[in-house]
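Hints given; two lone chains; assemble the complex.
From first to last, the protein sequence lines stand for chains S and D. FYI, in this note's numbering the residues of the first sequence are 1 to 466. FYI, in this note's numbering the residues of the second sequence are 1 to 323.
Worth double-checking, as some hints may not be accurate.
Unchecked claim - If we take Cβ atoms under 7 angstroms as the criterion, some of the chain D residues that face chain S in the derived model are: (1) I22; (2) L74; (3) L288.
As the list claims (entries may be wrong) - Residues of chain S clear of chain D, computed beta-carbon distances all greater than 10 angstroms: (4) V65; (5) L87; (6) T92; (7) I152; (8) N173; (9) T181; (10) F268; (11) S276; (12) S289; (13) S303; (14) A327; (15) E353; (16) I372; (17) G396; (18) F407.
In case anyone wonders, no lab produced these hints; they're calculated from the structure. Treat the numbers as computed from the prediction; the structure is a model and nothing was measured. Quick reminder that beta carbons are idealized off the backbone N, C-alpha and C, glycines included.
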Amino acid sequence: MSFPTIEFAAFFVVVFVLSWALMPHPRAWRLFILAASYFFYGWIDWRWVLLLAGSSVVNTVAAQVIARSPSQATRKRALVAAVVFDLGLLCTFKYLGFFTSEFDDAFDSIGLGSPLPIAQVVLPIGISFFTFQAISYVVDVYRGETRASPLIEVAILQAFFPHLVAGPIVRANELLPQLRTPRDPRAVLAGPAIFMIVGGVLKKTVIADELARRVVDPVYNDPGAHSAGELTLAFYAFAAQIYCDFSGYTDMAIGLALLLGYQLPQNFDRPYLALSLRDFWRRWHMTLSRWLRDYLYIPLGGSRGGRLKTYRNVMITMLLGGLWHGASWTFLLWGGIHGGALSVERWVRERYEGFRMPAWAAWLVTFHVVCIAWVFFRAPDLGTAFDVLGGLGLSGPSPLVTLPVVFLVVVAVGIQALPPQWWRDAEAWFVARPVALQGVAVGAVLVVADAAVGQQGVAPFIYFQF
Amino acid sequence: MEPRGDRQLRMPAGRVLVVMAIAFAVSALFNSEALVRAGEGMRPGPTRDIVLAVANPLDDAAGAIGLHLPREGLDLAFGQEDKTESGTQLELGSTSILRPRSERQSFRQPTAADPLDVLVTGDSQATFIGEQLVDQGPPGLLDVETVARNGTGLTNPAFFNWEVNARQEVEARDPDAIVMALGGNDGFNVQTGEGSLYNPGEKGWETEFARRVAVVSTVLSEGGKRPVYWVPPPTARNKEFNRIFASQNRAVARATEAVPTLRYVDVYSTLNKGRYSDELRIDGRRVLARQPDGIHFTLDGAALPARLILDAMAEDFPVLRDR
Numbered sequence: 001m002s003f004p005t006i007e008f009a010a011f012f013v014v015v016f017v018l019s020w021a022l023m024p025h026p027r028a029w030r031l032f033i034l035a036a037s038y039f040f041y042g043w044i045d046w047r048w049v050l051l052l053a054g055s056s057v058v059n060t061v062a063a064q065v066i067a068r069s070p071s072q073a074t075r076k077r078a079l080v081a082a083v084v085f086d087l088g089l090l091c092t093f094k095y096l097g098f099f100t101s102e103f104d105d106a107f108d109s110i111g112l113g114s115p116l117p118i119a120q121v122v123l124p125i126g127i128s129f130f131t132f133q134a135i136s137y138v139v140d141v142y143r144g145e146t147r148a149s150p151l152i153e154v155a156i157l158q159a160f161f162p163h164l165v166a167g168p169i170v171r172a173n174e175l176l177p178q179l180r181t182p183r184d185p186r187a188v189l190a191g192p193a194i195f196m197i198v199g200g201v202l203k204k205t206v207i208a209d210e211l212a213r214r215v216v217d218p219v220y221n222d223p224g225a226h227s228a229g230e231l232t233l234a235f236y237a238f239a240a241q242i243y244c245d246f247s248g249y250t251d252m253a254i255g256l257a258l259l260l261g262y263q264l265p266q267n268f269d270r271p272y273l274a275l276s277l278r279d280f281w282r283r284w285h286m287t288l289s290r291w292l293r294d295y296l297y298i299p300l301g302g303s304r305g306g307r308l309k310t311y312r313n314v315m316i317t318m319l320l321g322g323l324w325h326g327a328s329w330t331f332l333l334w335g336g337i338h339g340g341a342l343s344v345e346r347w348v349r350e351r352y353e354g355f356r357m358p359a360w361a362a363w364l365v366t367f368h369v370v371c372i373a374w375v376f377f378r379a380p381d382l383g384t385a386f387d388v389l390g391g392l393g394l395s396g397p398s399p400l401v402t403l404p405v406v407f408l409v410v411v412a413v414g415i416q417a418l419p420p421q422w423w424r425d426a427e428a429w430f431v432a433r434p435v436a437l438q439g440v441a442v443g444a445v446l447v448v449a450d451a452a453v454g455q456q457g458v459a460p461f462i463y464f465q466f
Numbered sequence: 001m002e003p004r005g006d007r008q009l010r011m012p013a014g015r016v017l018v019v020m021a022i023a024f025a026v027s028a029l030f031n032s033e034a035l036v037r038a039g040e041g042m043r044p045g046p047t048r049d050i051v052l053a054v055a056n057p058l059d060d061a062a063g064a065i066g067l068h069l070p071r072e073g074l075d076l077a078f079g080q081e082d083k084t085e086s087g088t089q090l091e092l093g094s095t096s097i098l099r100p101r102s103e104r105q106s107f108r109q110p111t112a113a114d115p116l117d118v119l120v121t122g123d124s125q126a127t128f129i130g131e132q133l134v135d136q137g138p139p140g141l142l143d144v145e146t147v148a149r150n151g152t153g154l155t156n157p158a159f160f161n162w163e164v165n166a167r168q169e170v171e172a173r174d175p176d177a178i179v180m181a182l183g184g185n186d187g188f189n190v191q192t193g194e195g196s197l198y199n200p201g202e203k204g205w206e207t208e209f210a211r212r213v214a215v216v217s218t219v220l221s222e223g224g225k226r227p228v229y230w231v232p233p234p235t236a237r238n239k240e241f242n243r244i245f246a247s248q249n250r251a252v253a254r255a256t257e258a259v260p261t262l263r264y265v266d267v268y269s270t271l272n273k274g275r276y277s278d279e280l281r282i283d284g285r286r287v288l289a290r291q292p293d294g295i296h297f298t299l300d301g302a303a304l305p306a307r308l309i310l311d312a313m314a315e316d317f318p319v320l321r322d323r
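In isolation and in its complexed conformation, chain D is listed as follows (with noise of 0.2 angstroms):
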């Protein structure tokens, strides 16, 4: 005989069934914004296709009848921002952004009284940069923030834009200098704001690429307020990675052009000379240096790129020379 009190803690599977399905429905439809956005950030395949068929009707139904208001107070509590916005630069804005300019800029030097503040942020590349940043760079001159969006690239504003973020980003924090590392996640196609589509691999795709790295950048640099140092992509041990990153490093040193506050920090061709390889030889020492996807650094391997960022920023700041 089963304790009483046990008995009342028990329901039918079938009920159990009952209760998922009407949680999953109400969740669905009070998230169906997330839900759409969820699908849009998930790698091209039948998950993100089933995902995106039933959201967008569904997101449409719940935002006719109100039911993205409640989310929306939540999201305010949570102190969560939206990051996709739709007439934005990032997906409508023309080349013209490329024309190339060239303006002189000095930027305030950091001392040990007032030590730079630097934003690390980009995709999930940028975690181990930025703790590397700390201890590779001269001691008491920087503070770090670093602030990794993982998953994000700049093909995919629907998912996450990163013109709005920029925006939100140097609002609230307002650094001296800012370092991006993204591209890892930037395998797909984009439609340029005239609407054409290109694919990675093709001109009008590197055109589109460094139209858009201009644009996220002089959001950054808020008009030449502070330098940008853009950290594309090293070289993948995948054959396929690596033509896309050649090609996203190749946009970045086009957009420096046209962006005078932009900085591209080459680790691409610099680190063992353009060859992928696990292991760099660091201060002497052999260590791993890639993640086991052969994109991502390791924390030991990530020192590389933090000095190539500090040889660059030295430009800017020549105090960070004595390191």
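Excised from the complex, chain S in its bound form (with noise of 0.2 angstroms):
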């Protein structure tokens, strides 16, 4: 089920009134939403319910081994066989295909025919999301950061439908002590609530789609027959479109918690400002760079071992952080990108301390190295990519180049220079009107939304796949 859909408003409002219905009673409560959040994943298919299921029972066991055992090699096992696990239900849904095809093409080319059978695999909806989420749960209660749950809170920590799809990745301690904790009825935050609901889906209807239907959809199909300022603005329109779908989707998340009662964490702060690639990094899915840097970068070595090992851990963390995208060369080069460009920037600051680039040079420079590592994250496989880029220009006819599209893209990346104070005096006036008035507003939002959507549906989100 996606949000912005028929089904899933039906599907909110009853479960907006009972789960409010049931807050006085928590074992109510727990049952129910976790009822609800399987009802919602299982929409599509209900055997991903079980897996799903069968990954909160067996983290919950390894995390009350960790958390009773006296013996620290026994908590010690019980944390990699957990961390196994999960990597392994990860590998087998993600990473199957692609290594059997890989494996029976080396066999096939070294005069061994094609020996593995080729596997047809589903890849369940979320499940980078709910296995990075398990993985932090036992690790932080081996790290004694988080205490061993109960079942029913660590399968609602995985399973909690605003987030479970695409993120954010929550942390057990930033949600456990909510669901701990009856939610106050007459205190929803609902004015940053129903900005981030209605601000994501026109991030996602109005900007997202329409810059990938107009332009980058039709562009990267066929690079060749475009013009090079055709490849200029889809260049920018997908660092555009990426960001309103990604962040549209999780704003509409945090909103929708935020609605519930719940406060889950940010993943974005308007990371198109960002003056350095770390600076982006701290900016962009920003629950994602949190968990790489204190489940792989840290256990690594971090930048602890002196230099050169600092700059493998900053290229292991960001080629597994695009690998986690994806088995593919495109995913690769992405993630590398970002890794040798962060270790080039931390080498400038170590050698030349106290160099200052302008500041609007080190924003020109940021934003010009993700929009190229974008080019590899969209492209279907490198050579399209290569086209893309060596085609850039701004010659040629554009019959794709057109005011509104180009209004788009700035409007996408402008819209993140506005100052977080003037978003929050619009939620508390919003709050302040009547309730008709915010009624007819929202209404008439989600009116233009739709028409921005028209006959074709709403597009999947992008991160769905992941």
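Structural data, given as structure tokens:
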């Protein structure tokens, strides 16, 4: 079930009413919200619910063993077993098909035929996200940063429907304490919630899908058939599209959770204002950056082993971050560009201490490195990516370069420059309006969003495939 | 004590519910036509029944008091064209269109300086076929544009009318050739212009489907101006789908006798000799050719239908043989 659909709207109204009605009864509420989340997840394929529930059971057992065992060796074995299980699950569904095919080709090339069966694997939506949450939970229990919880809490932590499909990636100590305290129905953070939901819907339908339809998809499907001007527009337009698509989704997720009384961590903080790559990764997909830092980069040694080891760790982290999106050379290169740029940035910072680029130049460089990397992220193969990059320019007839498309790209990037306080003031103003006006305003935005979508329907969110 | 700023952002849950109710009511009233279309596009079942039971009377009421106007203005602003229309040949035309015709046609041959503008359209199957047509085609001779209309078919014109869409597409793009990959969403019953209702698998269904193919391909070819390469679905893993797809393939083959510029691209019985398989051998390499749904091609697998389409195109454009 996707957020901007009739089915989800109906589902959410029912969940909203029952969730608040059951709030004074914690045990009933927990069972209800878990059932609702499983219903949401099983809407497309009920078998995925079994997978999700199985993951919760295994990680709960592992965490209980870690918490209760006095033996360090047993605790460690339980941790390793849980992480191996989680990664095994992820690898089976996400990478088995790719590796089977690659090994088969390798065997074939040395005359051994194609002995392996080609695997037809259905990738359950959101598996990367709930697996990462499971790993962070057991590791946090092992580190003593959170206490081992009963199965129902772990299941809700993983399955809570607002964040289940595409994040934000929530840590146990962010959500579990909230689950243990009934929320106050008299004080729902409705201002930010409604703004985030409505803003997310508009970002997705009016900007992301429009840019995809009008310029990004046509250009990336056949770069050779498009002029330099169109390639350049698509280069910037995809940066705008992916920001509005992904942040639009997580804005909706955070807003929906707020309406139910729960606060999820922010996932985006105006990323295209970043003045360095390090700054960018503090603002883009913040919960994944944080996960990679805490559960990969730091365990690898972080910056503790000297300069070369730090560069190595940065590269490994970013390459694996790239591969997390999918088993392909394009994602690997995307991660490699970020890893390389982060390493260069660190080297310059250490080598030329005190050197400061003018802010406009730092922004320009950072933004364009990010945009170049996005070309590899979007392109179906390396050839297409190089065709796009090699063809950038301003020449040629460019029927796809229209004022509305350029305007949408500028809005997507420019809107991030608005001071956060303005949004806060607008939310407070909205909350103080009469209820009828609030309802009509939100309804009007939904009408605009639906008109933007038209009959082609809302395109799937980009991050659903990860 | 909570910060004062935060208090200004909070509302009681009951009030939030009222805001949601008003918002959905406003949205449903002003979007009533879209709500009806959305319902028409759903798979048969209780959700569809509920949506249509609410949306139809709402749409009548909204239309009567002029509430369609704001949405029509917004559609104009976003460049959206209405894809449904009453009284079209697709719904009401007769089977006389299926009378066999034969005419000689010749088409402009592409050159590197003036490549062939190819529109690849249809349902979601069109996406990868379009991408592979770019990769498999001779370099520099094809300019391919892919416009997939996901979830559409010929059997549900109340949701998406392909005759209307075909008219709009050829008017807007004026391509030299059209590839149409359609049929995966056509498992519904059909009603003929005379009011007879047929289920998939019945002879009448197949005739009506052939008639609709003829109607749409006549519009796409604009009276013989361009060839239309129609690609019905390949074999499916599911037996029931497979039966419907076989019927569609026969219907398209039949329609080619009535529309001289319509070409049937037989993926169904050509690939793997008409037997379904997840994997296929392409250039000596085994590839996963089908998606998990057992209907759609993967990007790799779409290379084979793309080559069959190029073979068919080479009959009309001999220069495409050298690739």
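Hint check results:
no., hint, in the structure
1, I22, "2 angstroms, holds"
2, L74, "4 angstroms, holds"
3, L288, "5 angstroms, holds"
4, V65, "35 angstroms, holds"
5, L87, "22 angstroms, holds"
6, T92, "14 angstroms, holds"
7, I152, "23 angstroms, holds"
8, N173, "21 angstroms, holds"
9, T181, "15 angstroms, holds"
10, F268, "19 angstroms, holds"
11, S276, "31 angstroms, holds"
12, S289, "27 angstroms, holds"
13, S303, "36 angstroms, holds"
14, A327, "13 angstroms, holds"
15, E353, "40 angstroms, holds"
16, I372, "23 angstroms, holds"
17, G396, "13 angstroms, holds"
18, F407, "13 angstroms, holds"
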